[in-house]
Amino acid sequence: MEAAWEIEGRILTFVDTGDSHRSGTVVKYGGRNRQWGNMLALDLLQLKVNEGENASRDLSVPMAASGGLRNFIKTIACLPEGYRGHLHVDINDIDDTVVARNLTMLLIAFNLTPEIASIIILHLWYSAFLPEFIIDEIKNKILPIVLEFLKTIVKYSELRQAKWHHNNATLSAQFHVKV
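Under this note's numbering, the first residue of the sequence shown carries the number 3, and numbering increases by one thereafter.
Honestly, the hints are just simulated from the structure, not real lab data. Be a bit skeptical, because a hint or two may be false.
What the hints assert, rightly or not - Computed list of lysine to aspartate or glutamate pairs in EDC-like fashion (alpha-carbon distance at most 20 Å, straight line):
#, residue 1, residue 2
1, 76, 117
2, 76, 92
3, 165, 98
4, 165, 95
5, 76, 4
6, 50, 60
7, 76, 53
8, 50, 83
9, 141, 117
Said to hold, decoys possible - Now the in silico label distances, taken between C-beta atoms and shown as ranges:
#, residue 1, residue 2, range
10, 146, 170, 40 to 48 Å
11, 130, 82, 31 to 39 Å
12, 53, 163, 30 to 38 Å
13, 176, 72, 37 to 45 Å
Glycine included, C-beta positions come from ideal geometry on N, C-alpha and C.
Sequences and hints are given; from them, build the entire structure.
In structure tokens form, the structure reads like this:
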């Protein structure tokens with residue numbers, strides 16, 4: 003499936019085409035922080051091509067310096083419908099802001115219905131405006147989870163781990179707490 007901008011032959015608004023030697027490069031808004039990433043999402047496994055539709059073995063995917071969840075989401079969305087294996091994904095990043103945003107979006111996906119979670123995640127990822135219902139959902143359902151975890155921190159400069167379970171999935175986060 004191609005994006006509408008590809009089908010229509012449009013150039014994305016965040017791609018700079020004004021300078022011939024930089025043609026096709028991503029415009030850098032926000033300094034070193036690239037809110038939307040600097041490349042399109044990739045299916046990292048491509049199971050349908052590599053393993054076939056009936057892939058079922060357990061897999062581990064390291065996503066070091068992920069920068070965001072776009073490749074993770076694309077990879078999960080492209081799993082064959084019948085995939086029954088166990089999928090372990092390690093996601094990390096050096097930027098605490100990116101880690102916090104990723105964890106917030108994953109907690110939302112774990113704790114809200116898919117219909118509501120997808121709307122909220124989309125707003126957190128791509129919008130500067132959060133409608134009141136989104137703020138309420140985060141305050142009422144996600145903030146208590148985060149506050150419960152924060153209560154477990156006894157002292158700074160220690161490694162802390164938290165785990166959350168939903169259906170057959172587990173979300174585990176490790177943090178090195180520092181001031």
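Hints versus structure:
no., hint, in the structure
1, 76 x 117, "holds (17 Å)"
2, 76 x 92, "holds (15 Å)"
3, 165 x 98, "holds (19 Å)"
4, 165 x 95, "holds (19 Å)"
5, 76 x 4, "holds (13 Å)"
6, 50 x 60, "holds (15 Å)"
7, 76 x 53, "holds (17 Å)"
8, 50 x 83, "holds (10 Å)"
9, 141 x 117, "holds (18 Å)"
10, 146 x 170: 40 to 48 Å, "violated (24 Å)"
11, 130 x 82: 31 to 39 Å, "holds (37 Å)"
12, 53 x 163: 30 to 38 Å, "holds (31 Å)"
13, 176 x 72: 37 to 45 Å, "violated (22 Å)"
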